[in-house]
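Asks: The whole structure should be built from the sequences, with the hints applied where relevant.
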Amino acid sequence: MISCKFNKKGLMTVKWNGEKRKDDIYPAKHPIIHINDICEFDKGVTLKSIMNTVASDELLTKIVAIYSSVNHIEDFHKEINIKCTKKIKNVEYIEIYKIGEIFNGELSTWTDWHGVNTKEKDWQDHGHYISCSYTPTYEIANIPIRLNERLIIRENYDKVVLDVTQKMTLLEILHAIYYDISFHGSPKDRDNFFCNINKEVIKLKMERLEE
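Under the working numbering, the residue at position 114 of the sequence shown is numbered 456, and the numbers go up by one with no gaps.
What the hints contain is simulated information worked out from the structure, not anything from laboratory work. Hints are not guaranteed to be accurate.
[Stated by the list, open to error] Straight line, CA to CA, 30 angstroms or less: simulated DSBU-like cross-link-like pairs of lysine-lysine:
#, residue 1, residue 2
1, 385, 431
2, 371, 431
3, 390, 362
[Unchecked claim] Label-pair distances were calculated between CB atoms; the ranges are:
#, residue 1, residue 2, range
4, 506, 446, 20 to 26 angstroms
5, 427, 502, 26 to 32 angstroms
6, 431, 408, 24 to 30 angstroms
7, 384, 359, 18 to 24 angstroms
8, 419, 359, 33 to 39 angstroms
9, 538, 368, 45 to 51 angstroms
10, 538, 383, 31 to 37 angstroms
Predicted, not measured: the structure shown is a model, and the values here were computed from it. Here a beta-carbon is modelled for each residue, glycine too, at the ideal position from N, C-alpha and C.
Replies: Structure representation (C-alpha coordinates):
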(Lines of atoms letter the chains of each structure in order from A; the text may use other names.)
(Lines give C-alpha, C1' and ligand atoms only; values in the text may rest on other atoms or scores of the structure.)
Protein backbone atom coordinates (compact mmCIF):
# COMPACT_ATOMS: atom_id res chain seq x y z
CA MET A 343 0.00 0.00 0.00
CA ILE A 344 1.28 3.46 -0.94
CA SER A 345 0.25 6.74 0.66
CA CYS A 346 1.97 10.05 1.35
CA LYS A 347 2.67 12.47 4.16
CA PHE A 348 3.89 16.02 4.56
CA ASN A 349 6.74 16.74 6.92
CA LYS A 350 9.08 19.71 7.28
CA LYS A 351 11.05 18.50 4.25
CA GLY A 352 8.02 18.40 1.95
CA LEU A 353 5.92 15.58 0.53
CA MET A 354 7.11 12.07 1.33
CA THR A 355 6.13 8.74 -0.20
CA VAL A 356 5.02 6.14 2.35
CA LYS A 357 5.26 2.54 1.12
CA TRP A 358 4.72 -0.59 3.17
CA ASN A 359 7.77 -2.88 3.22
CA GLY A 360 6.55 -6.43 3.83
CA GLU A 361 10.03 -7.81 4.50
CA LYS A 362 10.90 -5.21 7.11
CA ARG A 363 7.30 -5.09 8.39
CA LYS A 364 7.33 -1.32 8.46
CA ASP A 365 6.88 1.67 6.16
CA ASP A 366 9.63 2.96 3.91
CA ILE A 367 9.46 6.75 3.87
CA TYR A 368 11.34 8.80 1.27
CA PRO A 369 10.93 12.09 -0.66
CA ALA A 370 8.24 11.91 -3.34
CA LYS A 371 10.12 12.22 -6.61
CA HIS A 372 6.97 13.20 -8.50
CA PRO A 373 4.31 14.61 -6.12
CA ILE A 374 1.64 14.30 -8.82
CA ILE A 375 1.61 10.50 -8.44
CA HIS A 376 0.04 10.93 -4.98
CA ILE A 377 -2.83 13.14 -6.13
CA ASN A 378 -5.51 10.60 -5.13
CA ASP A 379 -3.59 8.93 -2.29
CA ILE A 380 -4.39 9.26 1.41
CA CYS A 381 -2.25 12.04 2.87
CA GLU A 382 -1.22 12.72 6.47
CA PHE A 383 0.74 15.46 8.22
CA ASP A 384 3.65 15.40 10.62
CA LYS A 385 3.73 18.02 13.35
CA GLY A 386 5.04 21.39 12.21
CA VAL A 387 3.92 21.31 8.57
CA THR A 388 3.21 24.82 7.28
CA LEU A 389 1.29 26.38 4.41
CA LYS A 390 4.57 27.50 2.86
CA SER A 391 5.98 23.97 2.64
CA ILE A 392 2.74 22.66 1.09
CA MET A 393 2.44 25.38 -1.55
CA ASN A 394 6.13 25.18 -2.44
CA THR A 395 5.69 21.44 -2.99
CA VAL A 396 2.85 22.13 -5.43
CA ALA A 397 4.90 24.83 -7.17
CA SER A 398 7.80 22.40 -7.62
CA ASP A 399 5.66 20.05 -9.75
CA GLU A 400 4.40 21.63 -12.98
CA LEU A 401 1.76 18.97 -13.62
CA LEU A 402 0.48 19.08 -10.03
CA THR A 403 0.22 22.86 -10.32
CA LYS A 404 -1.90 22.54 -13.46
CA ILE A 405 -4.17 19.88 -11.94
CA VAL A 406 -4.79 21.95 -8.80
CA ALA A 407 -5.41 25.10 -10.85
CA ILE A 408 -8.04 23.31 -12.95
CA TYR A 409 -9.68 21.31 -10.15
CA SER A 410 -9.93 24.24 -7.72
CA SER A 411 -10.62 26.90 -10.37
CA VAL A 412 -7.50 28.88 -9.48
CA ASN A 413 -6.61 31.70 -11.82
CA HIS A 414 -3.11 33.18 -11.43
CA ILE A 415 -1.87 30.24 -9.32
CA GLU A 416 1.71 31.33 -10.02
CA ASP A 417 0.98 34.66 -8.28
CA PHE A 418 -0.02 32.80 -5.10
CA HIS A 419 3.16 30.71 -5.31
CA LYS A 420 5.21 33.91 -5.51
CA GLU A 421 3.26 35.54 -2.69
CA ILE A 422 3.82 32.67 -0.24
CA ASN A 423 7.58 33.33 -0.31
CA ILE A 424 7.42 37.08 0.36
CA LYS A 425 9.23 37.87 3.60
CA CYS A 426 6.86 39.08 6.28
CA THR A 427 7.64 40.47 9.73
CA LYS A 428 3.96 40.79 10.67
CA LYS A 429 2.84 38.08 13.07
CA ILE A 430 -0.72 36.82 13.15
CA LYS A 431 -1.43 36.85 16.88
CA ASN A 432 -4.90 35.33 17.03
CA VAL A 433 -4.29 32.15 14.97
CA GLU A 434 -2.62 29.24 16.77
CA TYR A 435 -2.89 26.85 13.86
CA ILE A 436 -4.83 26.27 10.64
CA GLU A 437 -7.20 23.33 10.49
CA ILE A 438 -8.22 21.49 7.32
CA TYR A 439 -11.45 19.54 7.68
CA LYS A 440 -14.09 17.69 5.67
CA ILE A 441 -17.80 18.29 6.00
CA GLY A 442 -20.96 16.92 4.42
CA GLU A 443 -24.59 17.86 3.96
CA ILE A 444 -27.77 16.16 2.76
CA PHE A 445 -30.30 18.57 1.30
CA ASN A 446 -33.38 17.59 -0.71
CA GLY A 447 -32.11 14.02 -0.74
CA GLU A 448 -28.73 14.88 -2.29
CA LEU A 449 -25.39 14.41 -0.53
CA SER A 450 -22.51 16.86 -0.90
CA THR A 451 -19.12 16.65 0.79
CA TRP A 452 -16.23 19.09 0.58
CA THR A 453 -13.04 20.12 2.32
CA ASP A 454 -12.37 23.54 3.81
CA TRP A 455 -10.04 25.26 6.27
CA HIS A 456 -9.97 27.95 8.94
CA GLY A 457 -7.68 29.41 11.54
CA VAL A 458 -8.15 28.25 15.13
CA ASN A 459 -7.66 30.05 18.42
CA THR A 460 -8.36 27.69 21.33
CA LYS A 461 -8.11 30.50 23.88
CA GLU A 462 -11.39 31.94 22.67
CA LYS A 463 -14.40 29.61 22.79
CA ASP A 464 -17.30 29.56 20.36
CA TRP A 465 -20.68 27.86 20.62
CA GLN A 466 -19.16 24.47 19.75
CA ASP A 467 -16.64 24.88 22.58
CA HIS A 468 -13.80 23.72 20.32
CA GLY A 469 -12.17 27.10 19.85
CA HIS A 470 -12.68 30.30 17.92
CA TYR A 471 -12.66 29.84 14.13
CA ILE A 472 -11.06 32.52 11.97
CA SER A 473 -11.44 32.89 8.21
CA CYS A 474 -8.24 32.97 6.14
CA SER A 475 -10.00 34.07 2.94
CA TYR A 476 -8.75 37.67 2.92
CA THR A 477 -5.32 37.09 4.46
CA PRO A 478 -2.23 37.33 2.22
CA THR A 479 -0.60 33.92 2.17
CA TYR A 480 2.76 35.27 3.32
CA GLU A 481 1.14 36.38 6.59
CA ILE A 482 0.10 32.81 7.43
CA ALA A 483 2.93 31.02 5.60
CA ASN A 484 4.63 29.68 8.72
CA ILE A 485 1.60 28.83 10.84
CA PRO A 486 1.28 25.07 11.56
CA ILE A 487 -1.45 23.22 9.66
CA ARG A 488 -3.35 20.28 11.12
CA LEU A 489 -5.79 17.79 9.65
CA ASN A 490 -9.13 17.21 11.35
CA GLU A 491 -10.21 13.75 10.22
CA ARG A 492 -13.64 13.93 11.82
CA LEU A 493 -16.34 13.94 9.13
CA ILE A 494 -19.77 15.17 10.19
CA ILE A 495 -22.69 14.97 7.78
CA ARG A 496 -25.85 16.92 8.57
CA GLU A 497 -29.29 16.75 7.00
CA ASN A 498 -31.11 20.00 6.25
CA TYR A 499 -28.38 22.03 8.02
CA ASP A 500 -29.18 20.62 11.45
CA LYS A 501 -29.62 16.90 12.11
CA VAL A 502 -26.35 14.95 12.38
CA VAL A 503 -26.76 11.71 10.42
CA LEU A 504 -23.11 10.61 10.36
CA ASP A 505 -20.11 11.31 12.58
CA VAL A 506 -17.06 9.26 11.60
CA THR A 507 -13.30 9.44 11.16
CA GLN A 508 -12.20 9.67 7.54
CA LYS A 509 -8.77 10.42 6.09
CA MET A 510 -8.34 12.84 3.21
CA THR A 511 -6.55 12.53 -0.10
CA LEU A 512 -3.82 14.89 -1.24
CA LEU A 513 -6.20 16.48 -3.76
CA GLU A 514 -8.87 17.08 -1.11
CA ILE A 515 -6.32 18.78 1.13
CA LEU A 516 -4.96 20.98 -1.63
CA HIS A 517 -8.47 21.90 -2.74
CA ALA A 518 -9.33 23.13 0.77
CA ILE A 519 -6.39 25.53 0.56
CA TYR A 520 -6.37 26.69 -3.04
CA TYR A 521 -10.11 27.08 -3.54
CA ASP A 522 -10.34 29.36 -0.53
CA ILE A 523 -7.29 31.54 -1.16
CA SER A 524 -8.37 32.14 -4.77
CA PHE A 525 -12.11 32.57 -4.10
CA HIS A 526 -11.92 36.31 -4.86
CA GLY A 527 -9.45 35.94 -7.73
CA SER A 528 -5.75 36.75 -7.77
CA PRO A 529 -3.89 38.21 -4.76
CA LYS A 530 -4.46 41.66 -6.24
CA ASP A 531 -8.19 41.01 -6.75
CA ARG A 532 -8.46 39.75 -3.16
CA ASP A 533 -6.77 42.84 -1.74
CA ASN A 534 -9.01 45.15 -3.78
CA PHE A 535 -12.11 43.26 -2.66
CA PHE A 536 -11.11 43.48 0.99
CA CYS A 537 -10.24 47.17 0.63
CA ASN A 538 -13.70 47.88 -0.79
CA ILE A 539 -15.34 46.02 2.09
CA ASN A 540 -13.38 48.10 4.61
CA LYS A 541 -14.47 51.29 2.84
CA GLU A 542 -18.12 50.22 3.06
CA VAL A 543 -17.75 49.38 6.77
CA ILE A 544 -16.21 52.78 7.48
CA LYS A 545 -18.98 54.47 5.49
CA LEU A 546 -21.69 52.65 7.47
CA LYS A 547 -20.03 53.59 10.76
CA MET A 548 -19.90 57.23 9.73
CA GLU A 549 -23.55 57.17 8.72
CA ARG A 550 -24.50 55.78 12.11
CA LEU A 551 -22.51 58.49 13.88
CA GLU A 552 -24.37 61.13 11.90
CA GLU A 553 -27.80 59.80 12.90
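Asks: The structure should be examined with respect to each hint, and the outcome stated for every one.
Replies: Do the hints match the structure? See the list:
{"no.": "1", "hint": "385 with 431", "verdict": "20 angstroms, holds"}
{"no.": "2", "hint": "371 with 431", "verdict": "36 angstroms, violated"}
{"no.": "3", "hint": "390 with 362", "verdict": "34 angstroms, violated"}
{"no.": "4", "hint": "506 with 446: 20 to 26 angstroms", "verdict": "23 angstroms, holds"}
{"no.": "5", "hint": "427 with 502: 26 to 32 angstroms", "verdict": "43 angstroms, violated"}
{"no.": "6", "hint": "431 with 408: 24 to 30 angstroms", "verdict": "36 angstroms, violated"}
{"no.": "7", "hint": "384 with 359: 18 to 24 angstroms", "verdict": "19 angstroms, holds"}
{"no.": "8", "hint": "419 with 359: 33 to 39 angstroms", "verdict": "34 angstroms, holds"}
{"no.": "9", "hint": "538 with 368: 45 to 51 angstroms", "verdict": "48 angstroms, holds"}
{"no.": "10", "hint": "538 with 383: 31 to 37 angstroms", "verdict": "35 angstroms, holds"}
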